[in-house]
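Take 6 as the starting number for the sequence shown in my numbering and just add one per residue.
Since the hints were made in silico from the structure, they are not lab data.
There could be a bad hint or two in this list.
Taking lysine to any residue and the SDA-like style, the derived pairs with C-alpha atoms no more than 20 Å apart in a straight line are [what the hints assert, rightly or not]:
(1) 24 x 41
(2) 64 x 137
(3) 43 x 61
(4) 24 x 83
(5) 43 x 87
(6) 24 x 69
(7) 64 x 43
(8) 49 x 64
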Amino acid sequence: MHICLDFIPELIGQPQRCKQIFGIQLLAHLCTQYHLPKSMNIAKLGIDVMFTLLTVLEKGEWVTFFRQTVPSLVAICEAFPPLCDDVTSLLSQLGRVCYSQMTVAGNSSKMCLHNDKVTESHGLLSEKLLCDDYDVLYHTVETTFRQICERALVMDKLY
C-alpha cells in the first residue's frame, strides 16, 4: 500500500478537483499508516498544494475542495507533528478568508443566519447559499483546528 505514496504527487497535480480531493484524503490515510520520511515530504507537498489552491480556485470550487480536504489535516498532523505549523497557518488563512466572505456576502452574520425572508424576496438566495457554504467551511476549519490542538495536548507534546 505504501507504493501508493509515489502516485500522490501525480494525483494532486491533476486538473480535476475530485482527483485532487482524493489525493489529499489518500495522503492523510497513508501518513497514518506509514510514518516514513518520504510520507512526510509528500504530506508537505500536499499542504503546499492546498496553500496554492487557496489563492487560485474560484468561489464554488474553493468551498467544495476545502470542505472535503480540511478534515484530512488532522491525520497528517497526528502522523507528522512538525507539519503542525504549516497546517495551522493554512487553517488560519482559510478561516480569515471564510470570515471575510461571510461578512461580504451577508453583510453581517445576522444576514447569513436569520434573514431568510429578505434574502428570498430580494433575489439574493444564491448569496445566502454561498454565505451558508462559507459558514459550514468556517466551522469545519474551527473543528479541525480544535482537534489538532486536542490531539497535541493528549499526546503530552505541544509542538
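These are the hints, each one checked on the structure:
1. For the hint pairing residue 24 with residue 41, the CA-to-CA distance comes to about 23 Å; that exceeds 20 Å, so the pair is violated.
2. At roughly 13 Å between alpha-carbon atoms, residue 64 and residue 137 fall within 20 Å of each other, so this suggested pair holds.
3. The suggested pairing of residue 43 with residue 61 is violated, with an alpha-carbon distance near 27 Å, which exceeds 20 Å.
4. The straight-line distance between the Cα atoms of residue 24 and residue 83 is roughly 24 Å, outside the 20 Å bound, and the hint therefore fails.
5. For the given pair, residue 43 sits about 14 Å from residue 87 by alpha-carbon distance, which is consistent with the 20 Å threshold.
6. Only pairs whose Cα atoms come within 20 Å are accepted, and residue 24 paired with residue 69 is accepted, the gap being roughly 13 Å.
7. For a cut-off of 20 Å, the pair hint linking residue 64 to residue 43 is broken: about 33 Å separates their Cα positions.
8. For the hint linking residue 49 to residue 64, the alpha-carbon distance of about 25 Å lies beyond 20 Å, and the restraint is violated.
Hint check: violations occur at hints 1, 3, 4, 7, 8; the rest are consistent with the structure.
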